[in-house]
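Protein chains in written order, with our numbering: chain A, 752 to 971; chain B, 9 to 515.
Note that these hints are calculated values from the structure, not bench results. Errors might be hidden in some of the hints.
Examples of chain A residues lying across from chain B (beta carbon under 8 angstroms, computed) [what the hints assert, rightly or not]:
hint	residue
1	Asp-754
2	Leu-812
3	Pro-813
4	Arg-820
5	Leu-877
6	Val-879
7	Leu-923
8	Glu-951
9	Gly-955
10	Glu-958
Every residue gets a Cβ at the ideal spot worked out from N, C-alpha and C, and that includes glycine.
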Amino acid sequence: MNDTAFEAMRRAVVDGDADAAAAAASAAIAAGIPPLVAIDEGFMPGMKEVGAGFAAGDLFLPDMMLAARAMQRALNVLEPELQKAAVERAVAGRVVIGTVAGDIHEIGKNLVGMLLSTSGFEVHDLGVNVSPERFVAAVQEHRADIVGLSALLTTTMTGQRTIIAALQAAGLRPPVKVMVGGAPVTGAWASEIGADGYSEDAMGAVELAKRLVGAGEAAR
Amino acid sequence: MSPDVAAAVSPAVVGGIRVEALDAEAVARIHEATLDVIETVGVRFPSERALDLWEAAGATVDRGAEVVRAPRALIERALATAPAAYPLAARDPRLDLPLDGRHVYAATDGCGIEVADLATGERRPSGVADVAEIARLADALDEVAFHWIPVSAQDRPAPSRSLHELLACWANSTKHVQTESIVTAPEARAAIEMAAAIAGGRDALRARPVLSMMQCTTSPLGQDGGSVDAALEAAAAGIPVGFMTMASAAFTSPTSLAGTLVVGNAEVVAALALLQIAAPGCPVYYAAAQTAIDLRSGAYTGGGPEDFLFGAATNQLADFYRVPLSMGAFATGAKAPDWQAGVENALSAFLASAVGSDMLLGLGLLNGSRIWSHEQLLLDAEIFSIVRAMLRGIPVDDASLALDVIASVGPAGDYLTAPHTRRHMRELWRPRFMDRRPMGVVEAEGGGPRAWANAKARELLATHVPEPLEPLLAAELSRIVHGREREAGVETAPTIVEATAAAGAGR
């Protein structure tokens, strides 16, 4: 019985069908399947399958994004149930992301946010044109492990340095890791401003985030 | 190992892009000039058989100089009987290639004399086992529609070499084979006998020619006698045969591009007319790989803007005569799969394809068609796949205008998660060898196009098993090859290629 339900969940994610994923999540609740079990045995296997297809070169970014969106819709349905049951989902890490002050480009940042979120991270997306103060406040409020700073322009990427300095001044560094990204950003720039990591694409950003939380835990 | 997935062919379909190097008036002037050259200057045919045919047809023949001067009416009447469309047949009928003016079929290049070793990169003289291995690799690529003899089987005796090469191709691929290495009538007769054995008799071969033949002219304004005699054998048997001009501007033809086109055109037109006089209605084609010499060395260059323009212009001439064209493209002068190879092969392949050359030669050779490289074969295949995608052009209709999805995404959204994207994204060209990795990944992992092509060649050679010849048929082909050797007094023991084929093994 549950096998059929899990199969429907997995299928919805693999197909990137957000409506089907939401319906499968509601059906799980109705059938009394604990939300954590639905996530771990229903939806996550779908995400893993899509991730493996991507790694093998058979699937592409739109497949990943559609799967992530379906997963997100299922989580939206399941989360109130988790809260009701006072169950906290184990998260890989808490991430605050945003596009730095003066910059309104968000597509790359959204991509990273979506993929982090469906890879088990709790993501707080502050949007675009985010001031250093808001970054600091959000990190404190959400007890973030990682801050992701996006900038598309050579003129705004200097803001990444300002934010790192603000985090430092607030006493949040080095435990809170900083990752930077955006078209003009390079590994050399990341080192220069004292960021902990940099990735050229969204898939690499997920790997980087996993490494950074691993390193953070090992340091504790 | 058992045969894996069947070999496939995916030609470029002509129509999405239009390129024109000559306008109608220019084509007409080249034609007029050509007829004038054939009538007044003449073309050399050092073949008794050819001179007899010309004389009987009403041409003026200078027996001493072996030069034919043919009146324009004779040439035009002869060319009118050439068929405009016919198939190149394959061992596997699903891989037959209709030469219908709407497809561009790419082939391996030929005929190289060295092979760059896949493991060491070192060069060595080519042999019959190389022909077999290259045919097997090309069989696995859908960009390769048919085979030229890629390299010379220099370890076989000269009188039977071309036949060993054919056997090696047929034993290792189910695709059409076009030989450019037969230059005598006895070899041609033996090759036709082999082809008939595969097709199931002479009439079957005429209907489904699994073999076609390509001969070279001898610029300026000449032919090779043995090649002409071999071509006449092909014409009599009804297998497609073409003549290729390699007129080289500033050496074997005028420096001006139009003058080079005229000289080459006169050579090809005269040869095709002779074949129609000998066997009216026989399938013939135009072939060309004109070039401009390197002014320092006098050498054939295998690339350059003049060559690319010849590639764009020649199909217009072939279209004017309503015969298919086999066009020399690729064949870079570069010594390794590098920047020069990419530039030359991309431009030559694009221009010759955009104008709709029916047959496109040829993938895999470096150093002006001398050195075979498996890596280059795969990288050339990628170039052809780009050209093939470009020739699809930009279809504009309700579905492709995509107004529904534009409205549903709206301003400031993105199309990554639109269902329309997933439905159509596989229509976008995807690279196998272009390096699109992030810079950091490249720095960490190394590798790149040439290394990947090398690995892919190894993988295909380790796994691809073409449909083998029937053992009895393979034995029959061997019998014909060795019969020719006995005739020529050079009989040899069967090669490993023949032994493998006769055992019914795919490799």
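These are the hints, each one checked on the structure:
With 8 angstroms as the threshold, the beta carbon of A/Asp-754 stays out of range of chain B, its nearest partner Cβ sitting at about 27 angstroms, so the hint is violated. A distance limit of 8 angstroms between C-beta atoms decides the matter here; for A/Leu-812 the minimum to chain B is near 6 angstroms, and the interface restraint holds. At about 5 angstroms, the closest approach between the beta carbon of A/Pro-813 and any beta carbon in chain B falls short of 8 angstroms, and the interface hint on this residue holds. The interface hint given for A/Arg-820 is met, as the beta carbon of that residue sits about 5 angstroms from the closest beta carbon of chain B, less than 8 angstroms.
Interface restraint check for A/Leu-877: the shortest CB-CB distance to chain B comes to about 17 angstroms, outside 8 angstroms, so the restraint is violated. Checking A/Val-879 against chain B: minimum C-beta separation of about 11 angstroms lies over 8 angstroms; hint violated. A least Cβ separation of about 27 angstroms between A/Leu-923 and chain B goes past the 8 angstroms threshold, and the interface hint is therefore violated. Because the beta carbon of A/Glu-951 sits about 3 angstroms from the nearest beta carbon in chain B, less than 8 angstroms, this interface hint is met.
For A/Gly-955, the suggested interface contact is upheld, since its CB lies about 6 angstroms from the closest CB of chain B, less than 8 angstroms. Checking A/Glu-958 against chain B by beta carbon gives a least distance of about 11 angstroms; that is not within 8 angstroms, so the hint is violated.
Consistency with the previously given hints fails for numbers 1, 5, 6, 7 and 10, ordered from lowest to highest.
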